[in-house]
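**Student:** Based on the provided sequences and hints, a complete structural model is requested.
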Amino acid sequence: MSDLAIRAENIGKRYLLGQNAGAYQTFRDTFQNWLRDPLKKTAEVGEDEAVWALKDVSFEVRQGEVLGIIGRNGAGKSTLLKVLSRVTEPTEGYAEIHGRVGSLLEVGTGFHPELTGRENIYLNGAILGMKRSEIDAKFDEIVDFSEVERFIDTPVKRYSSGMYLRLAFAVAAHLEPEILVVDEVLAVGDAEFQRKCLGKMNDVAQEGRTVLFVSHNMSAIQRLTEETLVIDKGRLLMRAPTAQAVDHYLSQGLSQQGERAWEEEELPKTTAPFFPRAIRVCNGNHEVVDSVRSTDPFTIEVEYDLEQDITGLRVGIYLISTRGEYILTSFDTDAPDRFDTFSVRPAGHYVSRCVIPADYLNEGRFLIGLNASSFRVKRYFHDEQALTFNVDAVGAPGMHWPEPRLGPVRPRLDWEIERE
Amino acid sequence: METKSIVKNEMPVTILRPATGWGALNFRDLWLYRELIYFLTWRDLKVRYKQTLLGASWAILKPFLTMVVFSIFFGDLANVPSDGMPYPIFSFAALVPWELFSNAISVAGRSLVQNRHMITKIYFPRVILPLSAVLAGVVDFLIAFVILIGMLFYYRIPLTIYALTIPLFLLLALITSIGIGLWLSALNVQYRDIGYVTPFLTQFWLFITPIAYGASMVPEKWQFLYSLNPMTGVVEGFRWALLGTSQGAPGTQLAISFGVAILLLLTGFLYFRRMERTFADMV
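Taken in order, these protein sequences are the chains called L and G.
Mapping of the first sequence onto our numbering: position 106 corresponds to residue 106, and the numbering continues sequentially without gaps.
Mapping of the second sequence onto our numbering: position 184 corresponds to residue 184, and the numbering continues sequentially without gaps.
Calculated directly from the structure, the hints in this document are not laboratory data.
No experiment lies behind these values; they were computed from the predicted model shown.
Hints are not guaranteed to be accurate.
Computed footprint of chain G on chain L; a stretch qualifies when at least three of its residues, placed anywhere within it, have a C-beta under 8 Å from a C-beta of chain G [to be verified]: (1) 84-91; (2) 99-112; (3) 123-135.
Glycine included, every Cβ here is placed at the ideal spot set by N, Cα and C.
**Tutor:** Here it is, written out as structure tokens:
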């Protein structure tokens with residue numbers, strides 16, 4: 001028991017829905033509510049009026065453990081962190097925390113645009129719980145880490161978003177609490193920034209501090225954590241060694257929809273006679289997923305209807321990185337023999353499907369764009385942000401080094417090493 | 001929330017569980033986070049004066065211009081008696097502490113809602129927000145006070161030993177400001193009407209406090225009710241300390257004012273602590 005860091009027992013958090021949904025009231029609202037039911041006390045809330053963001057969550061964390069927390073959006077991960085960080089109070093349950101908690105629920109909390117970088121370091125540090133003497137001692141290190149030394153005395157509103165993030169993270173990274181709680185801070189920033197963040201978090205973990213890490217980035221979770229909690233709909237689904245937990249999460253399709261469907265009404269009239277119905281990402285088992293492994297091939301499927309015969313139609317996809325760079329364009333009639341066979345497509349219901357090979361894409365989030373056109377004749381449909389999906393590089397080449405790789409592709413190349 | 005901090009093996013242990021009833025007054029946390037009070041006050045001040053052309057002079061202009069308007073309309077035209085003193089200094093001596101109070105409660109009232117991005121992301125004793133809002137006003141007060149002393153020289157009113165009691169009246173003003181500030185800020189999180197009510201409240205309060213006129217104008221039978229307003233004690237006290245008017249001399253009236261102020265502070269603090277657990281969810 002002596003090396004316990006956190007113990008949570010049956011933590012539950014309830015939020016009210018509807019008009020009372022944590023939203024403020026006006027006197028008029030309170031008065032109206034009172035008129036409706038004068039005897040009702042706030043504690044008596046019906047089932048329909050409340051949602052349990054967390055229910056019966058119990059777990060223990062030993063000192064020095066690095067614990068991951070994964071789950072769908074809305075599963076309750078951030079709520080759990082908020083409860084453990086004392087930002088919000090649990091509706092029921094009990095938790096014991098041994099040591100100071102440093103929370104990184106967001107980077108740059110309290111930053112004020114009018115103040116300079118220097119001033120914001122002190123302000124942000126103080127808000128995060130550092131003493132002034134601590135900030136003084138670490139000031140140079142922080143500035144160094146953030147790489148904004150030249151601009152340290154310029155108001156932060158003049159900073160680029162990258163500089164802002166680096167500075168904000170630099171302050172937070174130099175917190176030295178016994179327990180560090182991090183909520184998806186890695187979701188923002190470029191690859192360089194993410195590399196630095198991960199590196200720093202790794203250092204923190206090596207120093208023997210307890211870390212709770214929430215992320216959607218499965219590879220980061222794999223790199224940093226030993227065990228992981230899987231949260232679903234407010235409940236603790238499982239606690240397992242990270243590889244197992246991640247596997248369960250990905251394969252059970254706990255991630256969200258990997259499909260985008262179009263209703264007839266939302267299509268512009270100009271697409272006729274081509275009518276896209278849906279575009280989806282499927283894994284090897286023909287399940288619609290929004291997260292795939294880079295080590296497995298997966299398919300992208302486009303479902304559509306032709307109300308008339310169309311000549312020279314090609315249906316294809318763009319693959320785009322979240323930074324807006326085009327990775328590839330590919331049409332279903334790219335291959336010469338397909339082009340010949342399908343030079344005229346009769347009216348009917350179609351599915352065009354392509355396979356993205358294994359060991360092709362790097363980890364990250366990608367966009368799929370859809371295009372249906374007749375070369376130099378007419379463009380029937382074009383949507384560059386039809387669908388997004390995630391690629392997880394679990395098992396990809398080079399995974400034995402904990403660092404993000406640059407570039408949208410990550411092929412398994414054949415390297416020869418010769419000693420001459 | 002109920003949080004007990006026991007220091008075990010040099011590491012603080014925090015217990016989290018749903019609190020019932022009235023929250024404990026947790027002064028320990030407040031002490032731990034004392035530096036944050038300084039930093040947030042400093043932030044409010046810095047931000048307020050950066051990018052403003054006139055900078056610190058705003059602290060002087062507001063009471064000064066109010067005094068000018070009062071002097072013309074109440075002093076000259078309406079001929080309100082001013083206890084034998086020239087009207088301008090009579091009203092200015094009251095306006096300076098009044099500005100402290102009215103600004104403090106407006107800013108404090110908004111402080112929680114305005115800082116929602118901090119409240120929803122990180123833990124610190126929330127009471128620091130209205131507290132630092134009030135403390136930032138003290139700096140403005142000091143600047144205006146210098147001008148007030150300047151005006152005393154202008155009107156050739158000598159400073160007596162009684163001027164040393166100013167800190168006492170300042171303290172009374174601060175206690176009242178913090179008390180009302182705590183009430184308003186906590187109420188504002190749940191009822192946004194408060195944002196609309198506050199300007200009206202300060203206007204109303206301005207007129208029921210003897211600023212534009214002297215307390216001597218108030219008939220005997222209302223005197224007790226009158227002294228329930230702690231700002232009456234502050235304002236008349238300032239006049240007594242600096243101008244020598246008899247009205248504000250320390251006595252029962254002052255004692256009542258202090259009593260009311262402390263009551264406001266305690267109840268404000270209790271209400272605040274009680275509602276604090278809901279702030280992050282409701283703001």
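**Student:** Given as covered by chain G, does the region 99-112 of chain L meet the bar of three residues or more with CB within less than 8 Å?
**Tutor:** holds (count 9)
**Student:** Counting residues of the region 123-135 of chain L that have a beta-carbon nearer than 8 Å to any beta-carbon of chain G, does the count reach 3?
**Tutor:** holds (count 7)
**Student:** If you count the residues of the region 84-91 of chain L with a beta-carbon closer than 8 Å to a beta-carbon of chain G, do you get 3 or more?
**Tutor:** With 8 residues in contact (Cβ-Cβ under 8 Å with chain G), the coverage given for the region 84-91 of chain L holds.
The structure agrees with every numbered hint stated previously.
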